[in-house]
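Colleague: Sequence:
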Amino acid sequence: MNPHSDSLTPAGDGRHALRMERRLAHPPTKVWSAITDPAHIGQWFPSEVTVELRPGGAMTFTMPGVSDIAMTGTVTDAEEPRLFAFTWGEDHLRWEITPDGDGSLLTLVHTFGDRFGGASFASGWHLCLTALSQLLDGAPTAVPRDTGELHEAYVEQFDLGQGVVEDTPDGPLVRFERQLVRPAEAVWAALASGDQPTEGAPAPAGFTAGQAPAGPVTEVRAPTVLAYRWHPDGTVRWELGRGTGHGARLVLTQAGPRDFDADAARNAWHDRIEHLAARLLES
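The sequence shown begins at 1 in UniProt numbering and counts up one residue at a time.
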């Protein structure tokens, strides 16, 4: 299995499509059974599934021990043994099986709205597809969980760590959104390094970057929000919210006077956030 062939591309209407191909050493009919029979799906898929295997058929997705509320979906395609597709909440999953020599090529296209969750989805599906292959081979389906390295490899592969400079009526705004691999409490601890911020005091060094020196903290709600003023007309704001799969979702913004060097600030924050992400892998 070669995750380097996986891709994340725009799919229109603000959505993105994750495409993953895996060659399986089994005929399409056997692969079809493994991806459509609930008795098999539960051994490799991220949830237990019930399905009415026909276009328009109902599906439910349940994660025992995680939530008592089942998510629902609808079968959109069921063409044995080549195509199975369905909605899962607001997402769409398409599984296509094509003959490939004495085996099959399985192609998954997962379409979703949260671009910055792409690395979490990809790392999760990579492990699920590994378990599927092992199931087909008759081997145990347990696979080691991703401790963050696979997620971060996909962040780099899909170029999900870059920030943007947005033009606003008040001037340029540097913005980063980044999925991290540890919960907000661990991220906050790494940023604060034992120096708990308080309003009016200078922001701890971990929350600053070369183009945004420490200034007085204007808002602090550990472990989710810290804002400070780096310039009389400029602010930095860190927000750690609910993420996708692994840990907290970071949203960082820097605003400043109209003439501040937003591109230099974006580069400085990129380095700062990637250093943080690397440090979190070690924790």
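It is possible that some hints are incorrect.
FRET-style restraints, in silico, Cβ to Cβ [stated by the list, open to error]:
no. : residue 1 : residue 2 : range
1   : GLU166    : ILE69     : 33 to 41 Å
2   : PRO55     : GLU274    : 21 to 29 Å
3   : VAL165    : ARG145    : 32 to 40 Å
Everything labelled a hint here was simulated from the structure, so no lab data went into it. Glycine is no exception: its CB is placed at the ideal position from the N, C-alpha and C atoms.
Colleague: Next, verify each hint and record whether it holds.
Modeller: Against the structure, the hints come out as follows:
no.	hint	verdict
1	GLU166 to ILE69: 33 to 41 Å	36 Å, holds
2	PRO55 to GLU274: 21 to 29 Å	45 Å, violated
3	VAL165 to ARG145: 32 to 40 Å	36 Å, holds
Checked against the numbered hints above, the structure violates only hint 2.
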